[in-house]
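**Student:** Chain by chain, the residues run as shown.
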Amino acid sequence: MDFLRPETLAEALELKASRPDAVPIAGGTDVMVELNFDHRRPAALLDLTRIAELREWTDGLRVGSGVPYVRIIDELGSQLPGLAMAARTVGSPQIRNRGTVGGNLGAASPAGDTHPVLLASDAVIEVASVRGTRMIPAADFYLGVKRNALEPDELIVAVHLAPAKGPQQFSKVGTRNAMVIAVCSFAISLFPAENRVGAAVGSAAPTPRRAHEAEEFLASELDFSSPQPLLDSVKRRFGELVSEAASPIDDVRGSAAYRKHALAVMARRTLGWAWQELLSQKNGGGERTCA
Amino acid sequence: MRVNVRVNGEQRQADDVWEGESLLFMLRERLGLPGSKNACEQGECGSCTVYLDNVPVCACLVAAGQAQDREVRTVEGLADGDALDPVQEAFVEAGAVQCGFCTPGLVVAAHDLLDRVPSPSDPEIREALAGNLCRCTGYEKILDAVRLAASRR
Numbered sequence: 001m002d003f004l005r006p007e008t009l010a011e012a013l014e015l016k017a018s019r020p021d022a023v024p025i026a027g028g029t030d031v032m033v034e035l036n037f038d039h040r041r042p043a044a045l046l047d048l049t050r051i052a053e054l055r056e057w058t059d060g061l062r063v064g065s066g067v068p069y070v071r072i073i074d075e076l077g078s079q080l081p082g083l084a085m086a087a088r089t090v091g092s093p094q095i096r097n098r099g100t101v102g103g104n105l106g107a108a109s110p111a112g113d114t115h116p117v118l119l120a121s122d123a124v125i126e127v128a129s130v131r132g133t134r135m136i137p138a139a140d141f142y143l144g145v146k147r148n149a150l151e152p153d154e155l156i157v158a159v160h161l162a163p164a165k166g167p168q169q170f171s172k173v174g175t176r177n178a179m180v181i182a183v184c185s186f187a188i189s190l191f192p193a194e195n196r197v198g199a200a201v202g203s204a205a206p207t208p209r210r211a212h213e214a215e216e217f218l219a220s221e222l223d224f225s226s227p228q229p230l231l232d233s234v235k236r237r238f239g240e241l242v243s244e245a246a247s248p249i250d251d252v253r254g255s256a257a258y259r260k261h262a263l264a265v266m267a268r269r270t271l272g273w274a275w276q277e278l279l280s281q282k283n284g285g286g287e288r289t290c291a
Numbered sequence: 001m002r003v004n005v006r007v008n009g010e011q012r013q014a015d016d017v018w019e020g021e022s023l024l025f026m027l028r029e030r031l032g033l034p035g036s037k038n039a040c041e042q043g044e045c046g047s048c049t050v051y052l053d054n055v056p057v058c059a060c061l062v063a064a065g066q067a068q069d070r071e072v073r074t075v076e077g078l079a080d081g082d083a084l085d086p087v088q089e090a091f092v093e094a095g096a097v098q099c100g101f102c103t104p105g106l107v108v109a110a111h112d113l114l115d116r117v118p119s120p121s122d123p124e125i126r127e128a129l130a131g132n133l134c135r136c137t138g139y140e141k142i143l144d145a146v147r148l149a150a151s152r153r
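As given, the protein sequences belong to chains Y and G, one line each in that order.
Going left to right, the first sequence walks through residues 1 to 291 as full-length UniProt numbering numbers them.
Going left to right, the second sequence walks through residues 1 to 153 as full-length UniProt numbering numbers them.
Please note that the accuracy of each hint is not assured.
[As the list claims (entries may be wrong)] Coverage of chain Y stretches by chain G, computed from C-beta distances (three or more under 8 Å per stretch; other residues unrestricted): (1) 38-50; (2) 109-122; (3) 268-277.
[What the hints assert, rightly or not] Far from chain Y by the CB rule (all over 12 Å, computed), these chain G residues: (4) Gln13; (5) Glu19; (6) Thr137.
FYI, nobody ran anything at the bench for these hints, they're computed from the structure.
Keep in mind it's a predicted model, so treat the numbers as computed, not measured.
In this text, a Cβ means the ideal position worked out from N, Cα and C, and glycines have one as well.
I would like the entire structure built from these sequences, with the hints used as guidance.
**Tutor:** The structure is reproduced here in structure tokens:
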């Protein structure tokens, strides 16, 4: 095995072009598990942790793929509340100190915590190779279980995500608060100025996926210009449509039926929280109610 | 490959490091530092927690080569000679050690917490230690130890 240690992105792209079999490693929280258990024996490891440009963000936002979760939580939480909420549910402090959104995207596990947020917030993934740069909408990035749209010579460079234009929420079901792989998860983003809603499910289909019909239903039902308290019937129908968007399986973490049920509950609740936040902003107050 | 790394304030060199090996293996088997414990090898238990450039990480999830030219501080590097670190002292006094296997990781995690948050609340302590498992389930005494160490700062 070779250990490749580029200092710059340009050098990393040259290496990836000449060694497409090299496995990129940043936080190592997925890759090292596979190595430790001998599930994978790549011809080379491509260490991305020395590349400063992957560990920065710029306004707009363009978040480097190597920014660890802890910095997203501590420093980007006000601009990217949904992503920060999802990042808070990743592993443990030790894992959040190392793990990155780029790693979540590279592994492309259907259970990756940040995927539903990226989908619901219209994130665009910037990937690069010596051939140039591609901008891939999150909705086109996930191709199958642990399969993504990367070509063998490409690296994930950054995630482009606009600062939140309205309330965002994320919810995840697991057996405890820390150290769990999601049984299922859900993210919602409101775009009041555009009369639009983003909604996506995680760990409930071969890939993370958007709940298009649920999004369209809310866009037609909600009045963003003069928001009123939500009707229970709207929340319930939204939950049903989110649940219908999923195609989960029975596995060790939970049954398909449970996941469908939990998604409807999470969708209803997160919508309630997000809408309440919007009402509070518009009306300068208001109490959070239980879904 | 050869890895040069600063460990507990000392410049160290490890030879014949396998490219896929973890920082934990290198510390324990090549650099003679068995304080960090090897248990789950998948970042679930926190027994191998060390500082990497002052940030607590699971050493089993860091490739040894990623530590090149970096600074590592293990549980062995917390005491000053024979004088235990206050966190270690508090673990002993509070009886927060049963079989002792999880202790090094918990001591490093607690040490980091108290550096960042001198007087943590109970929820903050629980959150900070959420990645460290104690199979003796001695969590109450561990919480006592962290509270004791915090009270002495």
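**Student:** For each hint given before, does the structure comply? Return the numbers of the non-compliant ones in rising order.
**Tutor:** Hints 2, 3, 5 contradicted; others consistent.
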